[in-house]
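Engineer: Here is how the chains run, residue by residue.
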Amino acid sequence: MTAVFVVVAAALLALGVPVAFAVGISGLAALLADGGIPLEVVPQRAFAALDSFVLLAVPLFILAGELMHGTGMARSVLALVSRVPAGLPAVSVVSSMCFAAISGSSSASTAAVGSVMIPAMRRRGYPAGFAAAFQAAGGALGPVIPPSIVMIVVGHLTGAPIAALFLGGVGPGLLLAAVLLAGGTRAARRFPGGNPRAGEDSTSPPPLVRAVLGALPGVLLPVVVLGGILSGAFTATEAAGIAVAWVVLAGLLSGSLSASGLRRALTESALRSGVILFVATTAYLLAWILAVEQVAASIGSVLGAAASPLLFLLACNLVLIVAGMMMETISALIVALPVLFPLALQLGVDPVHFGVLVSVNLSIGMVTPPYGATLFVACSLSGLQVREVASWTLRPVLLMLAAQLVITLWPDSVLALPRVLGLLS
Amino acid sequence: MKRLVGACAAAAAACLAGIALLVCYQVFARYLAGSPPSWTEELARYLQVWSISLAAPLGLDRGMHLAMDYLSPRLAPPRRAALARLVLVLVGAFSLALAILGGSLLRIAALQTTPALGISMVWPYLAIPVGGGMLALVAADRFRRVGAPGDSP
Chain A
29 MTAVFVVVAA ALLALGVPVA FAVGISGLAA LLADGGIPLE VVPQRAFAAL DSFVLLAVPL
89 FILAGELMHG TGMARSVLAL VSRVPAGLPA VSVVSSMCFA AISGSSSAST AAVGSVMIPA
149 MRRRGYPAGF AAAFQAAGGA LGPVIPPSIV MIVVGHLTGA PIAALFLGGV GPGLLLAAVL
209 LAGGTRAARR FPGGNPRAGE DSTSPPPLVR AVLGALPGVL LPVVVLGGIL SGAFTATEAA
269 GIAVAWVVLA GLLSGSLSAS GLRRALTESA LRSGVILFVA TTAYLLAWIL AVEQVAASIG
329 SVLGAAASPL LFLLACNLVL IVAGMMMETI SALIVALPVL FPLALQLGVD PVHFGVLVSV
389 NLSIGMVTPP YGATLFVACS LSGLQVREVA SWTLRPVLLM LAAQLVITLW PDSVLALPRV
449 LGLLS
Chain B
2 MKRLVGACAA AAAACLAGIA LLVCYQVFAR YLAGSPPSWT EELARYLQVW SISLAAPLGL
62 DRGMHLAMDY LSPRLAPPRR AALARLVLVL VGAFSLALAI LGGSLLRIAA LQTTPALGIS
122 MVWPYLAIPV GGGMLALVAA DRFRRVGAPG DSP
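Protein sequences appear in the order of chains A and B.
Each residue of the first sequence is one higher than the one before, counting from 29 in the working numbering.
Each residue of the second sequence is one higher than the one before, counting from 2 in the working numbering.
Derived by calculation from the structure, the hints in this document are not laboratory data.
Beta carbons are placed, not taken as given, at the ideal position from N, Cα and C, and that holds for glycine.
If a hint is listed, it holds; no wrong ones were tucked in.
Some but not every residue of chain A turned toward chain B, in silico, with C-beta under 8 angstroms: (1) A74; (2) E266; (3) L294; (4) V303; (5) L305.
Chain B extracted, bound-state conformation (with noise of 0.2 angstroms):
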């Protein structure tokens, strides 16, 4: 599991290198070449879908998701491992919603091409069914480890 989210996380990584490069190359090409390229900007937007959707995983895992901190530290040790799964089950159940509702999405975006690239728009949509599973299985991996040590807060 640590494997997996750790790849993903050094694909988001890779992902901003290249739209780092892309932005770069962009302002290179308009004021060095005469033109700009119309894909650079295109691609530099895919890349962050799907930079952003492989990062909130590992977000997760090291329980980076800000949220409000008020009931939990008032309960104690029983309850508040209760209340950190129901959490978790939440989470859970949005992002299994986000997997299975992107994937829906998907058979509409098979329909088009992107405007600049001409390639099938399910390459970008396709970030956010993966994100959403790949969420969803670190909250079923964090609800497992509810309580253990090693667990994030």
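Next up, chain A with everything else stripped away, as it sits in the complex (with noise of 0.2 angstroms):
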């Protein structure tokens, strides 16, 4: 079965066709060739994939970030992270933390800090394709920096805790954010007007006053949501609805949000999470296909005791960044992953740690050409082509990886603060 899975589904992609219905199709296939199985087998996994509490996060997520923008909420944060004086690159990987911290959607939060970013570094004479391919890497950190969809959905599909997934990222998105904005701003003094200073290129600034209450409501909201999450008040699901409530009452409070602002907002989210989770449906059909196979269990014997952890995760590195280079991030993560993950099981990986290295890989294949989503976002956003920017990806790129592998060879980077904190022995 799962050999006509491979060869049909290899077949399908490199056709063009959606992964969602490659997947599906390639697993109708292979229930066909075996002859054994009912083929109902294909809705009900559809249904499972979709009847999931933990999953409800994605939307409500999705949805939270769709408001922030509407209601100028993201704006104000932006506005009052570019005060801080240091450079341009600097101010732009930091505030891509920040939200990565309050939105889950890395598409969203590389277009908010982008939209500014880019042109204000460009006015300084910063090349467009350095501009796009450093804002690409700093909207990349979505996945790694809680609340992260990607990590809630590695969290469904492996049962480890959200909660301790969100804690690991922490000290691995602080450790590439790091990384970025020191090399960002090493860059930067290569090029004339090096290293300026941001609040200089702000034409009279508001009052830091009314900047910081502005920004309040949005500075907010990742205490409120991990806070919640970390203390076990309430699940990440119920997490990503409180988000939605707070930005509501914040923007109905503030006079920001319209009905109609909120319609377009439900529509564009309900649309952009119909085709993210609409993988999910047939993703459940290969990850049932492989489990009836036991694929993993059969990669494992072949690879046997000649295979060490770190061998395992090294190769895991690859294939994921590969993958992520290829693929859209969700795809690449639910076709991987019921491959991967038992097999880390088997050599003994905390599933915790595996679960963040999956995050910071795929983090680092949305900066990759030819497949990239914040790298598309930023190459829109600055007017360029993805194969202008290609090259200056190099550089932010060599950066993650450095990082990436201090992740790989040393556990406790992740592992340390969820075990502080006790959601880990």
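The task is to assemble the complex, starting from two chains supplied on their own in separate frames and drawing on the hints.
Structural biologist: Right, dumping it as structure tokens:
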């Protein structure tokens, strides 16, 4: 069955059949080739994939993000962060990090920060390609810094506790941000007008007090969301619901949320989650086929004692980065995880370390051409083609790869924080 | 056709609004009213099945379902149109299979009721054949429009 699946899926993907359908058709073909399994398993798996309380966090976090942009909450946070006196690339990374902590969606935060920072960097004489590549990398911090939609899907597929995954992402997220910050600032010196101060650029900024007050609802949101999840007051899904309520309430109080704005945000979020989660319906079928065939067990027995956990993780990094280069993030995740995770368990890799490492790899995949979610957004904001930015992505990607290697070799970079807070034994 | 897909998307948006309200109500009920109702979680999950099933067709209409776009840009326009048609036939065939198989699954679902709400399992399961049917219709509609101006890539 698995052989049929792999051959058909490869052919369909090469033809350009959308990933969700390619996986579904090849799953159906594999079942037909087997002959012994009722085909009703196809819609049954589709239903089971969506009938999940954990996964509800995905549309809710997307909705919270849409509403934040609709109500201007995002803009007011950016207005505050950009007052920090530092070079523009540094401001762009720090703003992106803050946005990653507020919103679950990387494309949304790249769009929000990039629409301000990319033109600002260009005005300062930075090459457009440099600005786009660093903004794409900053935006890609999203999957690693909680709350993260990628981690919710990882938790859903592996059963790893989402609170532990979120906390585990804090260390690697800070490391990635620090590496990009240092690299960006260093690279900035090469350009004319090197290391300018952002404060000088803004023409008569609003008074500090007003900026702080305006940004307050947005700044407090991650405190409520993460505090609630980590203290056990509510689950990740409930936190996402609270985030929506928070933004709606703040929008109503400040008068920046209209009925039509709410309707637009709801439709846009329903559409985006419809596309993202539809992939899950057929990927669940794939996971089921792999489980029935015990594929992981047989690969595991081939690898046998020869593979150490470290070698396995390094191989995982390679596979996930290639997958992330070629595919959309959630699709890559859903296709790769059912194969890789059982192997990780067999080799004794910690599920939380594994889950966070997967998120780190996929965040690198968002920057690497030819297919990168935040790269696409940054390119469209800077008016460049992907191939024009491609060479500029080399530096941020190498920086991120260095951080990824540290996170791979040093499990405590992930596990220390959840352990200290008692989420892991 | 546009109207039908638009209506589906509006329904999906309404489902999403319902999910947000239910999840917030669940937290509210647990902390302020003492006991969380058992049905909110179940209803929210079923609304998600409907929301995704109804939103996916609009995604297909707008060409938002992600694919690896390597072959198509390298082909001459007539071949590119032929490839687009082939892809849509495959997408439509799978959607139709999802609708038909999902429909036959309803016979089994009819024998069960949901644990918390106590309604027939047919209601949540119905989303799959309805979504599959809508996807097939959209695929057929886009097949008709291949090469015409205004067709999504």
